[in-house]
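Could you put together the complete structure from these sequences and hints?
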Amino acid sequence: MSSVPRFWRNIGVRYNLEGTRCKECEEYFYPPRNVCVNCRRMGELEPYKFKGTGEIVSYTLIHTAAKGFEDQAPYTLAIIKLDEGPCLTSQVIGDIDKIQIGTRVKSVFRKLGEDGERGMIYYGTKFVPLDP
Amino acid sequence: MPGIKARSDWPENGVDIMRDVAIIGVKNTKFGELWECSLRDIVVEAGIGAIQDSSVSGKDIDALYIGNMSGGRFIDQEHIGALIADYSGLSRNLHVPATRVEAACASGGLALRQAIMSVASGYSDIVVAAGAEKMTDVGSDEASSALAAAADREWEGMAGATFPGLYAMIARLHMHRYGTTSEQLAEVAVKNHRNGCLNPIAQYKHAITVDDVLNSIMVADPLHIFDCSPITDGASALVLAPAEIARKYSDTPIYIKAIAQASDTIALHDRRDITTLDASVVAAKRAYSMAKLAPEDIDLVEVHDCFTIAEICAIEDLGFAEKGKGGVVTENGETAIGGRIPVNTSGGLKACGHPVGATGIKQAVEIVTQLRGDAGKRQVEGAEYGMTHNVGGSGATAVIHILSRER
Ligand SMILES: [Zn+2]
Numbered sequence: 001m002s003s004v005p006r007f008w009r010n011i012g013v014r015y016n017l018e019g020t021r022c023k024e025c026e027e028y029f030y031p032p033r034n035v036c037v038n039c040r041r042m043g044e045l046e047p048y049k050f051k052g053t054g055e056i057v058s059y060t061l062i063h064t065a066a067k068g069f070e071d072q073a074p075y076t077l078a079i080i081k082l083d084e085g086p087c088l089t090s091q092v093i094g095d096i097d098k099i100q101i102g103t104r105v106k107s108v109f110r111k112l113g114e115d116g117e118r119g120m121i122y123y124g125t126k127f128v129p130l131d132p
Numbered sequence: 001m002p003g004i005k006a007r008s009d010w011p012e013n014g015v016d017i018m019r020d021v022a023i024i025g026v027k028n029t030k031f032g033e034l035w036e037c038s039l040r041d042i043v044v045e046a047g048i049g050a051i052q053d054s055s056v057s058g059k060d061i062d063a064l065y066i067g068n069m070s071g072g073r074f075i076d077q078e079h080i081g082a083l084i085a086d087y088s089g090l091s092r093n094l095h096v097p098a099t100r101v102e103a104a105c106a107s108g109g110l111a112l113r114q115a116i117m118s119v120a121s122g123y124s125d126i127v128v129a130a131g132a133e134k135m136t137d138v139g140s141d142e143a144s145s146a147l148a149a150a151a152d153r154e155w156e157g158m159a160g161a162t163f164p165g166l167y168a169m170i171a172r173l174h175m176h177r178y179g180t181t182s183e184q185l186a187e188v189a190v191k192n193h194r195n196g197c198l199n200p201i202a203q204y205k206h207a208i209t210v211d212d213v214l215n216s217i218m219v220a221d222p223l224h225i226f227d228c229s230p231i232t233d234g235a236s237a238l239v240l241a242p243a244e245i246a247r248k249y250s251d252t253p254i255y256i257k258a259i260a261q262a263s264d265t266i267a268l269h270d271r272r273d274i275t276t277l278d279a280s281v282v283a284a285k286r287a288y289s290m291a292k293l294a295p296e297d298i299d300l301v302e303v304h305d306c307f308t309i310a311e312i313c314a315i316e317d318l319g320f321a322e323k324g325k326g327g328v329v330t331e332n333g334e335t336a337i338g339g340r341i342p343v344n345t346s347g348g349l350k351a352c353g354h355p356v357g358a359t360g361i362k363q364a365v366e367i368v369t370q371l372r373g374d375a376g377k378r379q380v381e382g383a384e385y386g387m388t389h390n391v392g393g394s395g396a397t398a399v400i401h402i403l404s405r406e407r
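Going down the list, the protein sequences come from chains A and B. Under the numbering used here, the first residue of the first sequence is numbered 1, with each subsequent residue one higher. Under the numbering used here, the first residue of the second sequence is numbered 1, with each subsequent residue one higher.
Check before you lean on any hint, since a few could be wrong.
To be verified - Subject to a maximum C-alpha distance of 30 Å in a straight line, what follows is the list of computed DSSO-like cross-link-like pairs (lysine-lysine):
| hint | chain 1 | residue 1 | chain 2 | residue 2 |
| --- | --- | --- | --- | --- |
| 1 | A | K98 | A | K23 |
| 2 | B | K248 | B | K292 |
| 3 | B | K323 | A | K81 |
| 4 | B | K325 | A | K81 |
| 5 | A | K106 | A | K81 |
| 6 | B | K325 | B | K377 |
The set of hints was computed from the structure by calculation and includes no laboratory data.
Given below as structure tokens:
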């Protein structure tokens with residue numbers, strides 16, 4: 001974790017999966033974008049809160065942790081395609097043997113990581129498998 | 001290519017207004033952990049070596065371009081362009097303009113592209129393009145964190161992503177969709193170590209086996225430590241001149257046939273398909289169009305194998321293997337020296353080493369060495385056309401050059 005203000009600035013986005021939707025082309029964006037990648041200047045973006053369900057596009061079990069995540073290793077990182085369309089990168093918690101490409105998941109609120117120097121603990125969204 | 005709006009008309013529009021450019025001098029330093037050398041030491045060694053190789057003199061040099069990803073993080077030094085111009089003896093009396101270029105691991109390739117455009121446009125005649133990174137002054141944790149800055153810090157890094165982790169997700173989906181195996185990934189590392197044994201500057205000059213890769217520690221499943229390129233110190237440089245006067249400085253000028261660059265989303269998760277680097281596909285399309293060549297015409301290629309899976313994706317994206325067949329093609333030996341399309345004769349990023357800012361320039365130095373016929377035991381016989389492919393981050397920047405023995 002590198003920057004306190006940078007994290008807290010986006011706290012609503014991180015806690016509540018708040019993104020945007022373009023009224024013009026109807027594409028959803030997470031994290032929120034202020035410029036639509038399809039319509040650019042002609043697009044009109046409005047806030048949108050994602051439902052928090054989706055499926056795993058791909059995943060890995062990270063053994064050599066990123067800085068600030070050492071105490072969580074090994075941890076499962078995944079690219080998740082939300083049901084509304086956009087993909088994001090997030091940790092998936094629980095038994096890695098229970099997940100595969102295509103596994104349905106839902107968002108949960110959890111500790112993300114910590115900044116050792118400042119003693120800060122960060123919370124945000126992770127995902128868990130939806131029961132079959 | 002559905003979903004991609006490639007501006008394939010773009011290079012031909014541009015090519016008419018440019019003049020031809022040649023490479024007239026090249027030099028790599030040794031790649032590895034160079035504890036005794038500073039960044040300025042290695043860039044000056046590479047720069048002076050390239051200038052000597054070309055027979056130009058300092059007062060002929062119109063401009064310097066330097067690829068460097070993260071001097072600020074690795075050696076706590078910015079303003080790298082000015083530093084290098086100074087210690088190359090080009091500042092106090094000659095006041096040669098120097099520009100640092102940054103595009104993460106594609107910084108070197110992009111510095112070369114800027115240098116070529118400067119000569120092609122007619123603005124400059126003799127230009128030095130260099131690339132360098134001094135990565136071992138910080139610990140490997142700090143180096144990994146600096147490299148992670150090439151991804152999206154807020155939306156990948158803050159979720160716990162690492163570079164091996166991002167490429168591991170590419171590998172996992174490639175394996176799932178196309179049946180690529182861990183053994184096939186390992187074959188990339190085995191081949192590149194075999195090539196590295198033949199390259200005097202390579203960081204690793206020892207052969208490895210598939211079992212060595214598979215038994216090495218897991219970094220991010222399915223990637224082992226031997227699937228990853230190392231942390232390296234090194235510098236590379238080359239000298240450019242307008243083609244019409246290149247023979248004044250070199251008996252074996254090598255000509256630039258194409259320069260191409262493309263961008264994609266900074267975050268891997270925003271890509272159309274994570275097993276294809278669309279930036280590589282589009283840049284390759286632009287490059288082939290500009291050179292009026294096809295993949296079959298290319299005799300050898302240096303691709304950006306920051307991870308073994310990256311080489312497999314690259315040979316597919318550049319048109320040397322059908323999509324999904326990169327692993328099989330590698331396993332069959334088609335990318336080995338003596339094979340259908342030799343890939344990474346230098347040893348690649350995996351065995352030659354990956355000083356991030358230098359890599360794109362080193363790739364061009366290797367192709368020039370091969371096209372001149374000076375590559376010794378790793379020589380690709382009769383090579384006419386060579387390609388370089390340099391990638392920033394997980395594929396947000398791709399820079400491609402095609403070089404030729406004939407003008
Ligand atoms: Zn739109």
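Hints, one by one, checked against the model:
1. A:K98 - A:K23: violated (37 Å)
2. B:K248 - B:K292: Answer holds: K248 of chain B to K292 of chain B is near 27 Å, not above 30 Å.
3. B:K323 - A:K81: holds (23 Å)
4. B:K325 - A:K81: holds (26 Å)
5. A:K106 - A:K81: holds (11 Å)
6. B:K325 - B:K377: With a Cα-Cα distance of about 28 Å, the restraint between K325 of chain B and K377 of chain B holds, given a limit of 30 Å.
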